[in-house]
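J.: Next come the chains, spelled out residue by residue.
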Amino acid sequence: MAQDQINHIELLVIGGSSGSLGVILTILKALPASFHVPIILVIHRASSSESLLDEVLSLKSNLPVAEVEEKETIRPFMVYVAPADFHVLIEKDKTFSLDYSEKIHYSRPSINVTFLSAAARYGSGLMGILLSGANDDGTDGMKAISDNGGYCIIQDPADAIVDYMPRHALKYMDADAVLSGPEIVQFLLSLPAH
Amino acid sequence: MSVSEDEVKILLNDLIDRYGYDFTGYAEASLARRITRLFQLDRFSSFSEFRYRILNNTDYFRRLVEQLTVNVTEMLRDPLFYKAIREEVIPVLATYPFIRIWHAGCSTGEEVYSMAIMLKEAGILQKSRLYATDINPLVIEKARKGIFPVSQMRKYSENYIQSGGTRDFSSYYVSNYNLAKFDEGLGEKMIYATHNLVSDSSFNDFQLILCRNTLIYFDRTLQSRVLQLFDNSLELLGFLALGTKESLKFAPVESRYKIAVPGQKIWRKIR
Chain A
1 MAQDQINHIE
11 LLVIGGSSGS
21 LGVILTILKA
31 LPASFHVPII
41 LVIHRASSSE
51 SLLDEVLSLK
61 SNLPVAEVEE
71 KETIRPFMVY
81 VAPADFHVLI
91 EKDKTFSLDY
101 SEKIHYSRPS
111 INVTFLSAAA
121 RYGSGLMGIL
131 LSGANDDGTD
141 GMKAISDNGG
151 YCIIQDPADA
161 IVDYMPRHAL
171 KYMDADAVLS
181 GPEIVQFLLS
191 LPAH
Chain B
1 MSVSEDEVKI
11 LLNDLIDRYG
21 YDFTGYAEAS
31 LARRITRLFQ
41 LDRFSSFSEF
51 RYRILNNTDY
61 FRRLVEQLTV
71 NVTEMLRDPL
81 FYKAIREEVI
91 PVLATYPFIR
101 IWHAGCSTGE
111 EVYSMAIMLK
121 EAGILQKSRL
131 YATDINPLVI
141 EKARKGIFPV
151 SQMRKYSENY
161 IQSGGTRDFS
171 SYYVSNYNLA
181 KFDEGLGEKM
191 IYATHNLVSD
201 SSFNDFQLIL
211 CRNTLIYFDR
221 TLQSRVLQLF
231 DNSLELLGFL
241 ALGTKESLKF
251 APVESRYKIA
261 VPGQKIWRKI
271 R
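In order, the protein sequences belong to chains A and B. Using our numbering, read the first sequence as starting at 1 and increasing by one per residue. Using our numbering, read the second sequence as starting at 1 and increasing by one per residue.
Do not rely on the hints blindly, as some may be mistaken.
With a Cα cut of at most 20 Å, we get these calculated EDC-like pairs of lysine to aspartate or glutamate [as the list claims (entries may be wrong)]: (1) Lys265(B) with Glu91(A); (2) Lys103(A) with Asp140(A); (3) Lys92(A) with Glu88(B); (4) Lys94(A) with Glu66(B).
Facing chain B, a subset of chain A residues (Cβ under 7 Å, in silico) [what the hints assert, rightly or not]: (5) Leu89; (6) Glu91; (7) Ser97; (8) Leu98; (9) Ser101; (10) Ser117.
Take a look, some chain B residues computed to stay more than 10 Å from chain A by CB distance [as the list claims (entries may be wrong)]: (11) Ile16; (12) Thr24; (13) Arg34; (14) Arg63; (15) Ser202; (16) Asp205; (17) Lys269.
Calculated from the structure, these hints are not laboratory results. We put the CB at the ideal spot given by N, CA and C, even for glycine.
Model the full assembly from the supplied sequences, consistent with the hints where possible.
T.: Now the structure itself:
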């Protein structure tokens, strides 16, 4: 992907499972409040509706963090978290839809569902990051982002706490960049998105 | 291979013209995903082949409806919701001489049986009628039977305890191999029927309407229309219960309701 395209990122989607929370917290801590590209986090977790993930992330983030609400319009300067037990999709008018259909790779929210939907809507304006995890989820989604002209970063399996998910994705696709957690942070800070 | 947005539109028009089923008010992203999923699952080689099958094979059309509508459900899902129903709603219902409840979008009936158990424990099942409807005739057939996978019972039993249940959950069913058949006494007060929230109208007055995780599949316009249908079907001071991520926030009927239980998606019709 050309630098020019990186300069025009409209949406950042980040997927992770076990071992990803540390990297996500580091990213949120590092990004300034002026980072305007909206971010959607799809993180696997227990399907309890009392999960306080968005509050935990809020404590570390300079940007406002909110759980996705259905039909809400995606806005800049926001970090959205996929709610426990729902898949998150994106409509043509850049609003969120929620979906309580079957789990995919034992997961709801599924990284693939959100990434595929975002890839269809945002094309080359999308950047996807896939982090640590012990699950196949994310590979199809990252491929879709890549196929639609988006930019794909996969956490270096050697750096991931659980390397299965990034390793699985790398087996089926070429990432634009394979980076460690700290390198991902540096990369995002170097974007002209703030 | 996936089904394009334009092709989805063609199919939705076909379904109206050929079968009178209107899905055009459904949220598109989820619908398109499910159409593509079916297309891939059944290994069609082209959109025209897929379209031809739907138009000319009624059985396949039924399969399509079954696959387009999400039928994932469980007993006592969100135990704290049921605890609120048990502690805040049922005591009010108990004051009525005759209780009518509508489960709209009941899927395979797990939530209807959950409600029947709580009514029974409150001693008011005998004077209750549980109307349970869904667009999909196949799930209605399953719901009528009151038979659920035994593999789910441990989870349901945990939900039951968290919802404030104090009996032995396994006393409500008999296991036979991998199936759990629920007490027929629970099913006696249930009335199942197909009902399409998009096109069918109100059919009774209720004191409680539950519709959980169905509105999320509709666009705002259709959501408002369906909430109006519920409003037309709900008595004054009746309760309306929605899913954890659903709300009355943007609907015209909102001003007639107040939250009945803080922190839960249960409203009361106050005017």
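J.: Taking the hints in turn, state whether each one holds.
T.: Verification of the supplied hints:
no.: 1; hint: Lys265(B) with Glu91(A); result: violated, 25 Å
no.: 2; hint: Lys103(A) with Asp140(A); result: holds, 15 Å
no.: 3; hint: Lys92(A) with Glu88(B); result: violated, 40 Å
no.: 4; hint: Lys94(A) with Glu66(B); result: violated, 28 Å
no.: 5; hint: Leu89; result: holds, 4 Å
no.: 6; hint: Glu91; result: holds, 5 Å
no.: 7; hint: Ser97; result: holds, 4 Å
no.: 8; hint: Leu98; result: holds, 5 Å
no.: 9; hint: Ser101; result: holds, 4 Å
no.: 10; hint: Ser117; result: holds, 5 Å
no.: 11; hint: Ile16; result: holds, 20 Å
no.: 12; hint: Thr24; result: holds, 14 Å
no.: 13; hint: Arg34; result: violated, 7 Å
no.: 14; hint: Arg63; result: holds, 16 Å
no.: 15; hint: Ser202; result: holds, 25 Å
no.: 16; hint: Asp205; result: holds, 29 Å
no.: 17; hint: Lys269; result: holds, 23 Å
Consistency note: the structure conflicts with the earlier hints numbered 1, 3, 4 and 13.
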